[in-house]
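Visitor: Chain E is already provided as a structure; the job is to place chains S and G on it using the hints.
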Amino acid sequence: MKHDCIITLTTDFGYRDPFVGIMKGVMLNINPSVTVVDITHAISPQNILEAALAIEMSFESFPHKTIHIVVVDPGVGSSRRHIIVTTSRYLFIGPDNGVFSLIYQSPLEDLSVVHITSEHYFLSQKSSTFHGRDIFAPVAAWLSRGIEVSKFGDVITDYVRIPLPVPTLKAQDMLEGEVVYIDRFGNATTNIKIHHMNNLYGSDHIDHPTVLFKGNKVPFKHYYSEAEATGLYSLINSFGYLELFVYRGNASLDFAIRIGDKVSVVVN
Amino acid sequence: MKHDCIITLTTDFGYRDPFVGIMKGVMLNINPSVTVVDITHAISPQNILEAALAIEMSFESFPHKTIHIVVVDPGVGSSRRHIIVTTSRYLFIGPDNGVFSLIYQSPLEDLSVVHITSEHYFLSQKSSTFHGRDIFAPVAAWLSRGIEVSKFGDVITDYVRIPLPVPTLKAQDMLEGEVVYIDRFGNATTNIKIHHMNNLYGSDHIDHPTVLFKGNKVPFKHYYSEAEATGLYSLINSFGYLELFVYRGNASLDFAIRIGDKVSVVVN
Amino acid sequence: MKHDCIITLTTDFGYRDPFVGIMKGVMLNINPSVTVVDITHAISPQNILEAALAIEMSFESFPHKTIHIVVVDPGVGSSRRHIIVTTSRYLFIGPDNGVFSLIYQSPLEDLSVVHITSEHYFLSQKSSTFHGRDIFAPVAAWLSRGIEVSKFGDVITDYVRIPLPVPTLKAQDMLEGEVVYIDRFGNATTNIKIHHMNNLYGSDHIDHPTVLFKGNKVPFKHYYSEAEATGLYSLINSFGYLELFVYRGNASLDFAIRIGDKVSVVVN
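So the sequence lines, in the order shown, correspond to chains E, S and G.
Under the working numbering, the residues of the first sequence are numbered 225 to 492, in order.
Under the working numbering, the residues of the second sequence are numbered 225 to 492, in order.
Under the working numbering, the residues of the third sequence are numbered 225 to 492, in order.
Chain E on its own, in the form it takes in the complex (with noise of 0.2 Å):
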């Protein structure tokens, strides 16, 4: 069969509780023919930042027309807005809370946002504490079978955009990032990209950049398994951000890496 219409999600909800279950009942009540796909609802409880960082890892693997449902919400049941990204090849849902600053950031085109205020596409029971049941899935089915996005509201341009971590230029041959993300592994993602160290060295061809953390130099690798079985190492990673890695090992545990932790590339 063909799968006319993909919608994933993106939540805190955790794996406990049914409310996961309950959000796919609701869409597939809608349309009986959606296709959903959970990306992850292990994200911190109310980390908006983490969010961001991991739609913005997933959502250019799904076909084009996916529909990318984002729940991180601190603020449900309040005034804070529900919207609608629309680009040319993605469609986002979730609140206006700053979520999605990282797709705002991105290369898509012909981004405009939507505020969503047209509650008869939501459920009829609407609460005041589950909006991914009573809003955003209803709305999201309502979209895959179709209705047009201006249906739902008017555009906006005064949506929220958290402030993201960037790397910063410390002396003309220096960059400071940070660990943005630890993964299952202890691997530590930083918020630095490849076309930054690029942008550094003046070159696309780095073979050994120098990195630095805590005042020590981290060898510069192309794969895991180049490394020895001991020490800290760094890569360019799988999404285009520098890493600081253990072989084999879990670099978050064995190296005391937290989220935060300044990380520096010098051009030696």
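Treat each hint with caution, since some may be false.
Unchecked claim - To be clear about the criterion: a stretch of chain S counts as covered by chain G if any three or more of its residues have a C-beta under 8 Å from a C-beta of chain G, and this derived list gives those stretches:
no.	segment
1	238–245
2	294–300
3	352–359
4	405–414
If you're looking for bench data, these hints aren't it; they were derived computationally from the structure.
Every residue, glycine too, gets a C-beta built ideally from N, C-alpha and C.
Guide: Relative to chain E, chains S and G alone:
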């Protein structure tokens, strides 16, 4: 494509072992056009009441004709019966150990219970320890293919109900309930429903009920963000139950709230 | 609708990071009609033996032609090969590090192994750290669209097998095995299969084998609820292995059972 039939899963199998994936394989083998949706697999091991609450919160969000499997089954392999609960809108499959006690109390019409005895619908390599794979999954899959419920066994009326904690009227103006569920965010759901409160107050417009927990008044709000960032509050949650919460915090951790703790509502 | 093809996933990616969702996006992009089923993503990081056991327990429950992906890959990015294992009924895709060692021993017919070398089936932004996204997912999706296995590379015979713990005959009347898997409920699966016990006893009707653990006899039962509520018991579990359990308890916690602990069967 159109999903011909949806089967949901609510179990205490967890996410570490391959048990859930195996059940899905069995169902797809019998009915290649079924769609399986996980409600949760993180019910505390062998906790029948928790499973009863999870399926009550979830079942109505799914399309009519959905088949809900619940497998929380401390007595697996014993003489404990397997049952199908049929109603006008949904089917339920699981062990006859009280896991459907809240379904029996719901306003679903035409409820009847069938004792599953037709072993030719079971997997041939039936084991005595994994009825999810060998009995519940294949029975659900055959049901989803349109086999009539009556083919699986006879109607019974002596199905098992577990004692459920219900709120009690301690005085003409005081209702005492208890915490029955704590979710990932630390929100504590009680067994006091909105209609219990309406009855107590003699009104369906209760703006400021007096809620008591451990001798203290718990201010009543309409949504989370109406509350200050510290302190315990209460509201009617998205499932119609009175709930204790901390805004942007974790009520269960911050106020040491546990399953079974008493919560009262009084007419002030 | 009819599911044209099923792809399963068994990984050590966990449930916190977006890696699994990303692989699903890649597959749906290439084959919009594929159905992806999670077996587990909670294999202990880089534990090849645990993954080998999980896929052995699971693969046969799925329809013929199912494609099973296993990604537990400490050597990602090294010269370690990627392989497709073809058999008459199932296909398997993963790293050539021994993760399919139990499949090689199974009675599947027409088993052969292909070394994946046709890079035009990989994602173009191939990275050196996320072969799940860049190699295994797209190769599985192209296979599911009907591309012949021979198009992906040449047959090899020197594929890697890891040493598997096998029960040994310590005396003519004594077989010694060990604990190889502990599930969520604390049940401890050994590597002693029912056929090993039949061989030892010279019979396929063993009612009361003598099972020994740490010097004590472990009473043998046929299902969990036959046992008393305390004490350690044994039975043949739903995968055909001798297992140690506590009825309504947790054998691993209550009796400090660990992977590798010895378990014996003797003819009494």
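Visitor: Tell me, which hint numbers fail for this structure?
Guide: 4
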